[in-house]
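As they're listed, the protein sequences go chains V and W.
Heads up: the first sequence begins at 1 in full-length UniProt numbering, then just goes up one per residue.
Heads up: the second sequence begins at 1 in full-length UniProt numbering, then just goes up one per residue.
I should point out that these hints are in silico values taken from the structure, not numbers from a laboratory.
No farther apart than 30 Å at their CA atoms in a straight line, the calculated lysine-lysine pairs in the DSBU-like style are these:
id	chain 1	residue 1	chain 2	residue 2
1	V	Lys118	V	Lys195
2	V	Lys256	W	Lys201
3	W	Lys203	V	Lys256
4	V	Lys230	V	Lys3
5	V	Lys291	V	Lys259
6	W	Lys175	V	Lys256
7	V	Lys256	V	Lys230
8	W	Lys120	W	Lys203
9	W	Lys201	W	Lys175
10	W	Lys175	V	Lys259
11	V	Lys259	W	Lys201
12	W	Lys201	W	Lys126
13	V	Lys259	W	Lys203
Computed, partial: chain V to chain W, Cβ under 8 Å:
id	residue
14	Glu39
15	Ser40
16	Gln183
17	Leu245
Heads up, the beta-carbon is just placed ideally off N, CA and C, and yes, glycines get one too.
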Amino acid sequence: MNKLLEVTDVRKIFGGSVRAVDGVSFSLAERETLALVGESGCGKSTVSRLILRLTDPTEGTIRFEGRDITHMSQGALKDIRREIQFVFQDPFSSLDPRMTAGEIVTEPLAIHGKVRNKAERRSTAEQLLQAVGLSAKHVESWPRQFSGGQRQRLGIIRAFALGPRLIVADEPVSALDVSVRSQVINILQDMQEEKGTAYLFISHDMATVKHMADRVAVMYLGKIVELAPKASFFAGPQHPYAESLLSAVPASHPNKRRKRILLAGDPPSPIRIPGGCRFHTRCPIAQDICKSQEPSLQLVGDNHLAACHFAKAWPIASRIGELQPATTTLAIS
Amino acid sequence: MNNPILTIHDLKVAFGPQTAPVDALRGVNLSVNRGECLGLVGESGSGKSLSALAAMRLLPSAARITGGSITFEGREMATMPRKELEGLRGNEISMIFQEPMTALNPVMRVGDQIAAPLRKHLGLSKKAARARAIEQLDSVGIPDPHRRIDNFPHEMSGGMRQRVMIAMALACEPKLLIADEPTTALDVTIQAQILDLLRAKQKELDLAIIIITHDFGVVAEIADRVNVMYGGRVVEEAGVGALFDNTQHPYSIGLLNATPTIEMEQQHRLPAIGGAVPHISDMPAGCSFHPRCPERRPECDRLVPQLETVAPHQRVACWARSTADEQAA
Numbered sequence: 001m002n003k004l005l006e007v008t009d010v011r012k013i014f015g016g017s018v019r020a021v022d023g024v025s026f027s028l029a030e031r032e033t034l035a036l037v038g039e040s041g042c043g044k045s046t047v048s049r050l051i052l053r054l055t056d057p058t059e060g061t062i063r064f065e066g067r068d069i070t071h072m073s074q075g076a077l078k079d080i081r082r083e084i085q086f087v088f089q090d091p092f093s094s095l096d097p098r099m100t101a102g103e104i105v106t107e108p109l110a111i112h113g114k115v116r117n118k119a120e121r122r123s124t125a126e127q128l129l130q131a132v133g134l135s136a137k138h139v140e141s142w143p144r145q146f147s148g149g150q151r152q153r154l155g156i157i158r159a160f161a162l163g164p165r166l167i168v169a170d171e172p173v174s175a176l177d178v179s180v181r182s183q184v185i186n187i188l189q190d191m192q193e194e195k196g197t198a199y200l201f202i203s204h205d206m207a208t209v210k211h212m213a214d215r216v217a218v219m220y221l222g223k224i225v226e227l228a229p230k231a232s233f234f235a236g237p238q239h240p241y242a243e244s245l246l247s248a249v250p251a252s253h254p255n256k257r258r259k260r261i262l263l264a265g266d267p268p269s270p271i272r273i274p275g276g277c278r279f280h281t282r283c284p285i286a287q288d289i290c291k292s293q294e295p296s297l298q299l300v301g302d303n304h305l306a307a308c309h310f311a312k313a314w315p316i317a318s319r320i321g322e323l324q325p326a327t328t329t330l331a332i333s
Numbered sequence: 001m002n003n004p005i006l007t008i009h010d011l012k013v014a015f016g017p018q019t020a021p022v023d024a025l026r027g028v029n030l031s032v033n034r035g036e037c038l039g040l041v042g043e044s045g046s047g048k049s050l051s052a053l054a055a056m057r058l059l060p061s062a063a064r065i066t067g068g069s070i071t072f073e074g075r076e077m078a079t080m081p082r083k084e085l086e087g088l089r090g091n092e093i094s095m096i097f098q099e100p101m102t103a104l105n106p107v108m109r110v111g112d113q114i115a116a117p118l119r120k121h122l123g124l125s126k127k128a129a130r131a132r133a134i135e136q137l138d139s140v141g142i143p144d145p146h147r148r149i150d151n152f153p154h155e156m157s158g159g160m161r162q163r164v165m166i167a168m169a170l171a172c173e174p175k176l177l178i179a180d181e182p183t184t185a186l187d188v189t190i191q192a193q194i195l196d197l198l199r200a201k202q203k204e205l206d207l208a209i210i211i212i213t214h215d216f217g218v219v220a221e222i223a224d225r226v227n228v229m230y231g232g233r234v235v236e237e238a239g240v241g242a243l244f245d246n247t248q249h250p251y252s253i254g255l256l257n258a259t260p261t262i263e264m265e266q267q268h269r270l271p272a273i274g275g276a277v278p279h280i281s282d283m284p285a286g287c288s289f290h291p292r293c294p295e296r297r298p299e300c301d302r303l304v305p306q307l308e309t310v311a312p313h314q315r316v317a318c319w320a321r322s323t324a325d326e327q328a329a
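Use the sequences and the hints to build the structure in full.
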């Protein structure tokens with residue numbers, strides 16, 4: 001598979017001491033959906049902002065279609081921004097309240113000179129609105145006249161308007177009502193099927209991730225601690241944090257209330273990341289080695305990486321000596 | 001088995017001027033038994049939070065009760081004088097909210113906030129209230145309570161703040177706790193901790209809980225019985241098992257189907273409910289769900305269906321499930 005996006009050893013340190021993203025590497029193939037999951041403060045949204053170049057990384061490189069975009073100038077980025085688009089969580093704050101729906105969905109086309117005149121812009125807007133199940137009449141409506149689900153559709157059209165190859169979607173359905181959420185999930189999937197767009201799908205909701213993703217990356221305190229194909233991940237997460245995250249997902253049926261791996265306390269602050277394995281302060285199986293040595297991501301199954309000294313299913317214990325810590329090359333798709 | 005501690009009957013709440021009221025609650029019926037956890041499920045605008053606020057008599061000033069009754073242990077609350085209400089709230093009935101940061105006083109130490117109801121309702125001395133507050137913090141699983149008691153809310157994490165809210169709400173050992181989306185703002189691992197804590201307190205204090213949520217996962221985790229709300233009314237009422245296994249109302253069915261689960265088999269499209277949740281100012285006539293309902297019948301846009309028993313302990317308000325003779329209006 002061709003690598004569309006390649007993120008290598010990226011770090012983002014805010015204010016000199018907040019290690020929000022602390023050495024993250026992954027790649028994304030064409031048409032692929034990679035889910036980035038983790039709890040608040042784990043750095044997943046900062047990763048999305050780095051890829052969109054809304055903030056500059058402190059270290060590391062970001063390549064898109066083979067081109068290094070890490071330090072590309074804003075002018076040069078204009079071309080890249082046609083290819084990388086975004087959908088944000090809150091459809092209420094991410095749409096300009098003074099623009100009509102028609103203007104919102106065609107703004108990217110206008111900026112990039114893809115519509116020649118007002119009439120063309122309007123007819124394009126009508127088509128785009130209809131493509132996601134809104135009415136052509138909505139062209140003249142204001143954002144406030146739409147429900148949350150409808151606004152998120154406007155956000156999705158706008159993201160797809162220029163035919164991007166990658167969409168970064170940061171919690172695109174978390175703010176929506178349940179009955180509307182599934183409509184938007186379906187639209188995201190239909191659009192991907194039709195256009196072949198890749199998604200970096202940022203979410204804290206494991207059930208939605210299981211429905212949407214091809215691969216899953218779990219972040220904890222600024223680092224990816226597990227990266228695996230979806231089936232293998234949900235069949236058996238290898239990192240204790242990933243396992244506890246899955247076990248914390250509420251039951252889908254009262255008969256399925258299960259024993260949880262309850263983590264003690266809250267995640268530490270990204271200002272004071274624990275030494276050794278950053279999860280050791282909350283880990284139910286932490287040993288002495290975990291306090292002193294930081295585990296790197298290692299292969300523990302087919303395309304399945306985990307950063308734990310005791311990742312379990314693979315006979316890793318016997319191989320610990322032979323495996324060299326691999327710090328940079330996680331591009332395994 | 002039926003031993004209701006709180007009963008809401010045909011409760012109506014409206015916003016706006018009396019000449020042009022907007023009906024937000026349009027005849028809510030629900031009850032919760034002693035020691036039982038009732039899940040109140042619905043989407044935005046369904047009236048679930050408003051029902052709870054009405055039960056606490058904490059409605060926003062623009063809203064007013066226009067009909068119905070709220071009975072707590074035989075006492076009518078809908079018309080209860082303020083003084084009497086104050087003796088009840090925080091003492092026998094307590095409430096916790098979604099965002100503890102906005103519900104806690106940011107300039108007051110958490111210990112003083114927990115001590116406040118103890119001094120007011122139980123008349124404890126400052127010293128005794130402080131000692132009890134430390135016990136309370138300990139009992140909701142806050143480590144190092146002797147030190148934490150002097151923290152301000154901003155010095156704590158979201159999960160800890162929610163524990164403080166629970167400690168404060170349970171300080172006077174109330175009989176009923178109303179929890180409005182208590183875990184929605186929290187991460188899943190913290191949500192699991194808080195749900196565990198609520199379950200433990202329910203047993204320990206024989207506490208009745210009304211938990212308001214939009215999340216069927218939370219319902220499956222903690223509720224004994226469930227009421228599903230839509231458009232300002234309860235449309236289905238069932239034991240938690242029956243709600244999942246013998247779902248009756250087309251809206252409840254749609255909601256459950258639309259909720260992805262981690263056990264679900266892969267790669268089919270999610271069944272969606274068409275349309276959007278109606279705004280309270282624009283509520284459809286008859287059954288509020290009829291424009292989105294796959295099972296709608298001719299009478300649905302004219303007549304409001306009432307809750308009817310369809311199985312033991314299960315009632316549903318739906319013409320497609322009704323056994324009553326269709327009486328044309």
